[in-house]
Amino acid sequence: MKKLKEIMKNKKTVLSEDERGLVGIGTLIIFIAMVIVAAVAAGVLINTSQSLQEQARKTGEETIRSVSSGVEINAVKGQTNENAKITSLEAVVSTYPGSDGINLGETVIQIKTPKSMEHITSENFTMTKIENVSKTANNLLGPGDTTQITIDNAETTEDITIGRNDSVSLTFLPPRGFNSYYGLVIPPALNSNTWYEL
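Residue numbers (my numbering): 984 to 1181.
Derived by calculation from the structure, the hints in this document are not laboratory data. Just so you know, even glycine gets a beta-carbon here, dropped at the ideal spot from N, CA and C. Honestly, I wouldn't trust all of these hints.
[As the list claims (entries may be wrong)] Derived lysine-lysine pairs resembling DSS-like cross-links, with alpha carbons at most 30 Å apart:
#1 Lys1118 - Lys1068
#2 Lys1095 - Lys1060
#3 Lys1060 - Lys1118
#4 Lys1060 - Lys1098
#5 Lys1068 - Lys1098
#6 Lys1095 - Lys1112
#7 Lys1118 - Lys1098
#8 Lys1112 - Lys1060
[To be verified] Pair by pair, the computed Cβ-Cβ distance ranges are:
#9 Thr1109 - Ala1039: 14 to 22 Å
#10 Asn1121 - Gly1166: 25 to 33 Å
#11 Ser1099 - Asn1174: 42 to 50 Å
#12 Ser1152 - Gln1036: 38 to 46 Å
#13 Gln1036 - Thr1177: 21 to 29 Å
#14 Glu1141 - Asn1174: 18 to 26 Å
#15 Tyr1164 - Asn1121: 53 to 61 Å
#16 Gly1127 - Gly1088: 53 to 61 Å
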């Protein structure tokens, strides 16, 4: 055993200074390669995180608009004709707080009566600004604006005739945002050529 230890001791390899330098350069090259790989990986991760952050921000903004944007129906009144049937409706609308502007020209109004369900487009109703805070056209309902929507049976291709005690509802379907529902209370007795708050 003692002889084996002496043999192993005699076989120890002693590196020269040149050989030590080569080993050090090899280690340095491996270290630099690892740093470069780590830098590239970090750059990819940073770019990916920035892209995901931007996408999340856009998605969040779109979600907020969808949740907060809508047509607020403040009041509705109807006018009867000579036969004591409501054939003209006027709705006063505005935007909800925090809502973006809404294009009423692309909004559809759904009128549901016991007889039918009609969809009225901007070609068959008129828009008149009551308050124009946003200083925009009649078909644009901006934040703070109040607009009167008039639907007249004589000016639409759909039949919106409403009788006494009818169960009627209005639903505004904007191009963006949530739908707004408004149930109309029709009086049990109607006189001819008279306006009623519904």
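field: 18 to 26 Å as the expected CB spacing between Asn1174 and Glu1141, which holds or is violated
entry: holds (25 Å)
query: Gln1036 and Thr1177, beta-carbon distance inside 21 to 29 Å?
result: violated (60 Å)
query: Does Lys1060 pair with Lys1118 here, judged by a C-alpha cut-off of 30 Å?
result: holds (26 Å)
task: Given the hint that Lys1118 pairs with Lys1068, test it: the Cα-Cα distance must not exceed 30 Å.
output: Violated: Lys1118 and Lys1068 sit about 37 Å apart, past 30 Å.
message: Just to be sure I understand the hint, the distance between the Cβ atoms of Ser1152 and Gln1036 should be within 38 to 46 Å; is that true here?
response: Once the Cβ atoms are compared, 43 Å apart, the range 38 to 46 Å for Gln1036 and Ser1152 holds.
query: CB of Asn1121 to CB of Gly1166, is that within 25 to 33 Å?
result: holds (27 Å)
message: Check whether the Cα positions of Lys1095 and Lys1112 lie no farther apart than 30 Å.
response: OK: Lys1095 and Lys1112 at ~25 Å, within 30 Å.
task: Take the C-beta atom of Gly1127 and the C-beta atom of Gly1088, compute their distance, and say whether it sits inside 53 to 61 Å.
output: Violated, at about 19 Å.
- prompt: Given a hinted range of 42 to 50 Å, is it respected by the beta-carbon distance of Ser1099 and Asn1174?
  reply: With Cβ atoms ~25 Å apart, the hint is violated.
message: What's the verdict on Lys1095 and Lys1060, does the C-alpha distance respect the 30 Å limit or exceed it?
response: With a Cα-Cα distance of about 16 Å, the restraint between Lys1095 and Lys1060 holds, given a limit of 30 Å.
- prompt: Tyr1164 and Asn1121, beta-carbon distance inside 53 to 61 Å?
  reply: At roughly 24 Å between Cβ atoms, Asn1121 and Tyr1164 fall outside 53 to 61 Å, so the hint is violated.
message: Need the status of pair Lys1112, Lys1060: alpha-carbon distance at most 30 Å?
response: holds (17 Å)
Of the numbered hints listed earlier, those contradicted by the structure are 1, 7, 9, 11, 13, 15 and 16.
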